[in-house]
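Peer 1: One line per chain: the protein sequences are A and B, in this order.
The numbering used here runs 81 ahead of the 1-based position in the first sequence.
The numbering used here runs 397 ahead of the 1-based position in the second sequence.
Please keep in mind that the hints were generated in silico from the structure rather than gathered at the bench.
Dumping the calculated DMTMM-like pairs for lysine to aspartate or glutamate here, alpha-carbon to alpha-carbon at most 25 Å:
1) LYS158(A) <-> ASP135(A)
2) LYS175(A) <-> ASP136(A)
3) LYS149(A) <-> GLU502(B)
4) LYS158(A) <-> GLU89(A)
5) LYS133(A) <-> GLU441(B)
6) LYS130(A) <-> GLU502(B)
7) LYS187(A) <-> GLU502(B)
8) LYS187(A) <-> ASP453(B)
9) LYS137(A) <-> ASP165(A)
10) LYS175(A) <-> GLU502(B)
11) LYS408(B) <-> GLU123(A)
12) LYS187(A) <-> GLU482(B)
13) LYS137(A) <-> GLU502(B)
14) LYS141(A) <-> ASP165(A)
15) LYS130(A) <-> ASP83(A)
16) LYS175(A) <-> ASP453(B)
17) LYS187(A) <-> GLU441(B)
Fair warning: this is a prediction, and the values are worked out from it, not measured in the lab.
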Amino acid sequence: GDSVTQMEGPVTLSEEAFLTINCTYTATGYPSLFWYVQYPGEGLQLLLKATKADDKGSNKGFEATYRKETTSFHLEKGSVQVSDSAVYFCALRKSGGSNYKLTFGKGTLLTVNP
Amino acid sequence: GAGVSQSPSNKVTEKGKDVELRCDPISGHTALYWYRQSLGQGLEFLIYFQGNSAPDKSGLPSDRFSAERTGGSVSTLTIQRTQQEDSAVYLCASSLARGSPPAGETQYFGPGTRLLVL
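For reference, chain A alone in the conformation it holds in the complex (with noise of 0.2 Å):
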């Protein structure tokens, strides 16, 4: 079936430090992909999404390319803020059939100290 891997956790970075979150998938045919982040104490929110290869998702000055051929989507910022710490969920929804749900990574914590 179709599932997620992204790195164990947890990060630690200083501010302003480069963020490189690791997320592959398996999947057939060509899934959409999804980075979802939960602030502390907050819900899920979508960060950035991409539906089809060499897409680039961004916001907020993080980004990820859709990688195909290395069925690849990982995460990155070139500047971490301090604000960035939480929870990073890599996700996605198939496509055709079951297109709704969303299977996700088990999360990467990430911690930005000043």
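Go by the hints and put chain B onto chain A.
Peer 2: The following block gives chain B in isolation, referenced to the frame of chain A:
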């Protein structure tokens, strides 16, 4: 406008008791989803509603779990005879649905209900 709301925010119950979790979706959103976030398991899909109908209940872990939606709005997830392994955060999401299934729609999540079964 108001986002997805869930109640209660926290629930502690004893093993064997029944619990009801409530979700109020964003007004006008016809699709509604329940997910479960448990330690070590990540986020798992439970059930999807289109209007008041549930075309996909495949994620419900056992027949102790049921859900309903009334008036195309509020949904209730009921867990009967709770077990300790039911302890988790239960998340509700909603989306606009232009068709069935609602392809291409962003799912908006509520803050979740944290359930602890003692």
